[in-house]
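Trainee: Those protein sequences? They're chains A and B, same order as listed. Position 45 of the first sequence, counting from 1, maps to 45 under the working numbering, and the rest follow consecutively. Position 289 of the second sequence, counting from 1, maps to 289 under the working numbering, and the rest follow consecutively.
These aren't lab readings, by the way, just hints derived from the structure by calculation. One or more hints might be untrue.
Unchecked claim - Simulated restraints on C-beta separations: (1) A/G133 <-> B/D338: 34 to 42 Å; (2) A/G121 <-> B/Q113: 25 to 33 Å; (3) B/A301 <-> A/F106: 54 to 62 Å; (4) A/G158 <-> B/G267: 33 to 41 Å; (5) B/K161 <-> A/F148: 38 to 46 Å; (6) A/V111 <-> B/K161: 31 to 39 Å; (7) A/V135 <-> B/K161: 48 to 56 Å; (8) A/L75 <-> B/A298: 39 to 47 Å; (9) A/V251 <-> B/Q113: 54 to 62 Å; (10) B/Q85 <-> A/G187: 36 to 44 Å; (11) B/Q85 <-> A/Q285: 39 to 47 Å; (12) A/P95 <-> B/Q85: 48 to 56 Å; (13) A/Q125 <-> B/Q113: 55 to 63 Å.
Bear in mind the structure is a predicted one, so any value in this text is a computation, not a measurement. Beta carbons are placed, not taken as given, at the ideal position from N, Cα and C, and that holds for glycine.
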Amino acid sequence: MLDYLQFVLAPQMVTGLSLGVAVILVALGLTIIFGLLDVINMSHGEFYAVGAYLALSLGAAGIDFGLLLVLVPALMVPAGFIVERGLIQRVFNSPDRHTTTLLLTFGLGLVIEEVLAVIFGPNTQRPATPIRGAVEILGVMLPNYRLFLIVFGLLIVGAVALVVYKTRLGAMVRAAAFDRHMAASLGVPVSLVFAGAFSFGIALAGLAGVLLAPIYSVFPTMGRDFILLAFTVVIVGGMGSIAGAVVAGLVLTQIQAISSLYISPVWSDPIVFGILVITLMVRPQGLFGRLGRG
Amino acid sequence: MANTFRTLSLSLLVSVASAPLALAADPIKIGVDTPLSGTYAPIGQQVRWGLELATKEVNAAGGIAGRQIQLIIEDEEANPAVAVQKADKLFQVDKVDFLTGTVNSGSTLAVGQIAERANKLMATTVSFADSITTDKCSPNVFRVNARAEQQSAALAAWLAKEKPNPKVYFVGPDYEMGRSTVAAFQKGVKERGGTSLGEVFAPLDSKDYTQYFGQIRSARPQVLYTSTAGNDTVRLLTQMQDFGLLNNLTVVGASGTVTSQNVSAIGTAADGFTTGVGYSPQIDTPENKKFVDAFRAAYKADPDLYGADSYGLILFYKAAVEKAGSTETDKVRAAMRDLKWATPQGEKLMRAGDHQAVQTMYVVQVEKSQFKIKGTVPGDQAIGPDSCTRF
């Protein structure tokens with residue numbers, strides 16, 4: 001029994017945790033953009049892919065992995081700013097904003113995906129693992145890079161939560177999300193906050209791309225793989241809620257990991273999407289409230 | 001109305017005028033419907049190299065019955081839906097005489113139906129799934145490479161000697177080929193006193209195999225059998241190595257799991273991998289040495305089983321057309337049946353009853369990225385019974 005816990009269950013849960021942290025990183029940007037701008041960013045997965053391709057090509061050009069973790073998100077910020085100002089704001093004030101922004105970002109995602117395929121070719125590429133080797137913990141081998149991903153990812157999540165909930169900037173963001181007219185009349189530069197928050201979400205997607213490229217490989221359609229799971233995490237957790245995304249991300253990936261021990265892992269997707277359907281039926285607002293309200 | 005009629009008759013006239021007349025000196029067109037992108041791109045690359053090398057050599061020596069060979073290549077993305085579209089295009093637009101190149105067994109089965117409808121012949125040089133020449137056999141489909149059961153027979157005999165009564169766990173890609181290879185080897189292991197601890201199937205092109213490790217860990221196998229191929233094997237074996245799962249484990253697999261094309265990407269995780277296969281670059285015959293040298297000179301890479309079997313296919317088609325004295329479907333089909341032809345890996349026989357090639361099988365083990373031959377099994381002992389009932 002103890003043997004089973006140590007050699008089967010524990011490593012499986014650690015593997016699930018590394019997937020969970022990865023999904024949370026993608027979901028975090030998604031939920032912030034929705035919570036603040038009320039925009040469902042369907043191109044979020046493609047920005048994650050752009051981050052991975054930037055890491056791949058800059059890494060091949062000899063730039064150190066540690067620097068990439070800063071450089072790639074920094075490069076994504078102006079891209080996010082241009083998309084928010086140049087595209088989203090143009091349809092933002094239309095009466096059915098949800099439809100127009102959804103279609104706009106969906107189309108943008110398709111364009112980005114095809115452009116990546118044209119530039120980099122359709123084949124899968126895998127950057128070298130930046131942190132090699134493995135450690136043995138209680139007789140179980142765990143690759144160093146997965147452990148790094150878990151620790152670093154959780155630090156990023158913690159830092160984002162700290163900024164949003166504990167700083168003056170975060171208070172402005174939450175105020176704009178709660179009531180943009182009131183916030184504007186109190187002197188919050190709302191349109192700048194919107195563009196900044198969108199860019200921040202895109203930068204997080206790019207960071208997730210850098211971190212996950214060595215594990216999941218890099219290919220033009222990679223955005224699709226993660227985005228369905230990330231959307232599920234965001235909806236189950238409550239759209240716009242950071243705490244919700246973290247809790248739902250951890251719970252859903254642990255359900256996947258542990259169920260994979262007993263039934264074929266190909267069933268993990270139906271299970272997760274089944275939970276999504278039940279959540280929408282029983283508690284459509286998700287586990288937690290929206291940003292600015294919780 | 002009159003205008004429409006004029007346009008119609010004009011376009012009819014143009015199409016009649018431009019319809020090609022089949023002259024003896026016209027090239028023989030062979031359609032190549034093979035994956036050039038996706039997880040099986042490395043396999044499609046070998047198929048293309050093998051076909052192109054043989055075509056170049058045959059054309060230089062005067063072609064097939066005085067006619068040059070022309071290859072028309074399409075990317076099927078290892079996706080049966082795409083393979084079918086491209087096959088239709090090759091038959092209907094390019095008017096190819098013969099079709100080959102399909103890799104994914106699902107693609108081969110689907111394109112076989114297109115060939116039947118077009119009344120043309122096709123051959124796979126790669127697909128393993130037994131069903132292609134057993135219960136789903138087609139009078140229009142031939143297979144020049146070894147199928148899952150031939151590979152399994154050779155490997156199971158070796159495993160029974162190395163590890164008597166092994167406890168084996170199985171990992172396969174979740175489609176026709178994966179299920180067929182796993183079933184064939186499970187049968188082979190059980191017949192020789194081994195135990196199957198269970199199996200798990202992962203979708204083609206899986207990026208992360210770690211979620212499958214839980215079931216492998218809890219089964220505690222002595223031997224792992226896998227029939228992943230292309231880049232899937234690279235990810236499976238390197239991730240298993242990262243998590244220390246390769247320690248004290250004998251890894252065996254299908255012949256396409258580790259090949260010249262992906263062995264360097266797998267690195268040390270491939271050491272000790274053993275398979276039953278129809279080809280190794282190390283086969284010690286003058287014909288093979290000549291082939292390997294020409295292949296290396298042309299492509300700066302070693303041929304693997306796919307390159308060798310695809311090279312041999314052009315020789316097979318040439319022998320059949322010259323025996324038939326025609327490229328007509330019925331005559332070529334009759335000529336292909338019971339045809340014996342020479343390939344770099346020795347003489348092959350096309351069995352008339354199920355269109356499956358019979359050939360010597362090898363047990364090959366990877367040592368420092370080299371494919372060492374550990375044993376051979378004569379073709380008639382590995383082939384198994386003919387269970388095709390359609391023709």
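Trainee: Among the hints numbered above, which are violated by the structure, and what are their numbers in rising order?
Mentor: Structure breaks hints 1, 3, 6, 7, 9, 10, 12, 13.
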